[in-house]
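Asks: Here are the chains, one letter per residue:
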Amino acid sequence: MKELLRLPAHRVQALIEGGEVDARELFLLQLRFARFVEPEVSSFLTLADEEPPHASEPQVELAALRGNRILSQIPVSVKDIIATRDLATSAGSRILSGYVPPYDATAVRLLKEAGNFIVGKTNLDEFGMGSSTEYSGYFPTHNPWDLSRVPGGSSGGAASSVAALQSFVGLGSDTGGSVRQPAALCGVVGFKPTYGFISRYGLIAYASSLDHIGITAREVTDVALMMNVVARPDPLDATSQAPPDADYVAALDKRGELKSAKIGVVKELMDPELMDSEVIALCEDSLRILGSAGVDVVRVSLPEVRHLLPAYYILAAAEASSNLARYDGIRYGLGFPADTSMDLQKQYLRVRVSGFGEEVKRRILLGTYVLSAGYAEAYYNQARQLRRLVAASVADLFSKVDFLFSPTSPFLAFKLGERMDDPTKMYACDVCVVLANLANVPAISLPAGLSRSNLPVGIQLMAPSGEDARLLAMGRLYEEAAAFGFRTPPLVAKKLDEFKA
Amino acid sequence: MSEYEAVIGLETHAQIRTRSKQFCRCAAVNTREIAEANQHICPVCLGHPGVLPVLNRESVLQALALGVRVGSEIARRSIFARKNYFYPDLPKGYQITQYQTPLLAGGRLEYFFDGEVRIAELERAHLEEDTAKIFYLPSGEVFLDYNRAGIPLLEIVTRPMFHSPAEAVAFLEELRLVLRQLGISHASMEEGNFRCEPNVSVRPRGSDELRTKTEIKNLNSYATLMKALSYEIERQQVVWESGSEVAAQTLRWDEAAARTVPMRVKETQADYRYFDEPDLPPLVVEEAELAEARRRTEAAGHVIQWAGEEKRFPSGTAHLTAFLCLQGGLREEDARLLSAEPDSLALFAETVGLTGKVREAANWVLQEYRPRVRGERGKITARQLGDLINARAAGEIGSSQAKEVFALVFGSGKSVTEAIAELGFDTKVAEQELVQVCADVIAANPKVVADIRRGKHAAVRALVGGVMKQTHGNADPRAAEAELKRQLEL
Ligand SMILES: [Zn+2]
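Chains as they are written, first to last, in the numbering used here: chain A, 44 to 544; chain B, 23 to 512.
No lab work stands behind these hints: they were computed from the structure.
Please read all numbers here as calculations on a predicted model, not as lab measurements.
Note that beta-carbon positions come from the ideal geometry of N, C-alpha and C, so glycine has one too.
Check each hint, because a few of them may be wrong.
[Claimed, not checked] Some but not every residue of chain A turned toward chain B, in silico, with C-beta under 10 Å:
| id | residue |
| --- | --- |
| 1 | Pro144 |
| 2 | Tyr244 |
| 3 | Thr282 |
| 4 | Ala289 |
| 5 | Leu317 |
| 6 | Glu362 |
| 7 | Arg369 |
| 8 | Ile373 |
| 9 | Thr383 |
| 10 | Lys389 |
| 11 | Gln390 |
| 12 | Tyr423 |
[Claimed, not checked] To give an idea of the chain B side of the interface with chain A (calculated C-beta under 10 Å), a few residues:
| id | residue |
| --- | --- |
| 13 | His70 |
| 14 | Phe157 |
| 15 | Ser161 |
| 16 | Asp298 |
| 17 | Phe345 |
| 18 | Val395 |
Let's have the full structure, built from the sequences with the hints guiding it.
Replies: Quick look at the structure:
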């Protein structure tokens, strides 16, 4: 039975629905194996109890209402930045240690209502601020392909948990590539939908105008099944704008129509100056695969690429400085015994100095600075202007091509500690992925094979805003043509052999 | 007369009356109501991680109604912003407000002051959310009640244009009444749901410059507002006259010391780092919402029957006060009182319609009806009051009798005729008759009158006896004695 853990979610779900596998037994198996591998990879901040949670039977209404196929009865992981009722949620920060949300995020509620099981809460860079999961306030996560390397970030735990057979799919968050970049580095699929397609209610805010809940999975079909559950209009999120009737699974069947589609390769993002040569080589392989599937591949230019990182980091830091102001130790999370001798300023400092990590403090300071009187014009307002320009240029490119193509990460998974001390080197990880957040378009990272050193490489496809279903169909088309499928990292395969179910 | 004049601007905050809070579904328990602390709270208004605001559209309607009333330019698309600062009463570390594009821009509100209608110019009005309430204990402990956190607020800002504390208060009174009559707010300073932070500067009389202003916070009644402004105006004059300059400061009123004192610099030089609230899309006002706001504004206006004609006045008191003074000959104070109270006004106007007697109707309503009702309506109808006024005018009853009749009619549902009969006033001698009888008795008793004139005042009793005899005992002896004394000029 333990071999089931290697399957993509949609295949295991077919077995459950066919009565060949018991969902609760599968969940217990999943949980035990997750614990078994956990000392190696450290994907989770919290793992569920042995007893399967009292997951409700899949709510027939939900499935019937949709008339669609949905992800159901599957063990899923949830990034620890997404609120889960009665299950500790820390956003990877010490300042939220011990915090148990009194409510479920909308996406979590929908997953539960569809009868899925939560395996645990996955590790991340504190508040999503990082690209390696090394900035977790608790411990780093290790890449299942090479334990001395990072899994990427900030949703490193989500990607490693799916790659290391600790969960079939994961909910992550993507503010500037945080779902896609770790997916690429761990050899799984990572998807960021159009802004507003998955409710942000319950997603602990880092940079609200850029924050998305995203999906990590082994195959595109699993992403589509998940989208059919969580991409719902939500009255609790005023920026929610999901089309109520979309069927992402059914859309995959129409991938044949995309064989004549046109894909534009963003040449500035294939620049050997910026990108690892092995990454470029595997990307070119992928383009040949797409070409032989009939897709028209052209080269396009996006000169704004050099502005992407400054614009992104200014906007994200500015919003973060405001979003993280609520962590004052008064109502929840890290707190100290009342001390009436201490003035207000000291009390704030006591909590925030010890509660936040260095990278978070850096971004709060940066964000406060770029919003301050006298500087906002030069930084924050300029960055907003740049964002509009980038969005306009991307929209312009989409008037010529159906999809945009780039690598997901400019380089392979790097060694733990390698980039920790140089923030700008760490920020450079995000050059390809922040584009989709700034331009508000859906984007997906797909496995593109392994480097000579046996490390995964990912390609990124982007589609116009709102064309999420077509993007998933294109992803499926690529997945089929490339015939990589999901591969279990050798180390994990070995652990599975040792594992006694 | 001082050579300086004050220039006062007002920034007011009114809690908007809605069922739920501005951005969550918690009950918006107005501060006038007594509620146990922290009973109306949820993850959203406590600023829990991951929550999002959703705008309460009822607060938008309420604000729009004011906009229609004062003729503001209504932004069909306005933006919410975050005002960032740290304070324990601010759960999110920022307040959601409107900054560069408020919902309402400009507007004019007439108010009555110094015997004339004046026009206050509004700068803007916008939506925002209230903070939690802080309780400081003598022990140094601090307690927080988040029931108030997130209650919808309407911030209304005037241009600097009032020249005395009394004028500022006259405007505030008018604004308060308009907010109440429109149903937007309870607007009570004492209850804490209407707050005012004035700013003030002084300048040489006759000049139109605007000198450095100071702002005064923590004022919780009209009395303290008056005191604080008067003190501050005086202080600034002294500063300028001594050759110094007034510093731009935020002050608070120290009641014990009876003076304004500067707040800590940190609290006044705040950089709020405003930026657009990414969690809320732009507020787009729908045509239907505008129509509803117009309907509400219209409905809150005054309609009175006057000389057989229907007259309409906007909510508030200024227009109606001017009309009642000019057309009805009422005293300003009486006119304002009537304008301010819809119940009294309705009874008054209807009574005038029935009797045509403006001043009498006003007197009865203000002196007898108003002190009795205390918010309960319908204790006397215009029909009853009209009959009473007519009976009194016809001399059927005397003035003290009329008051007794009023007291009996009020709340009993009895007609005026029934009340007069029950009190036995119908059998008694009416005033005009009494005047005649007294004159007859005086004429018939020259000797008694002569005694009285010599100082034997007790002899009046003999004349009263005469009156009682003539009227077969139906006259009121006290009234007879008073009338006799009047005629004898005693
Ligand atoms: Zn609430």
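Asks: So which of those numbered hints doesn't the model satisfy?
Replies: 4, 5, 10, 14, 17, 18
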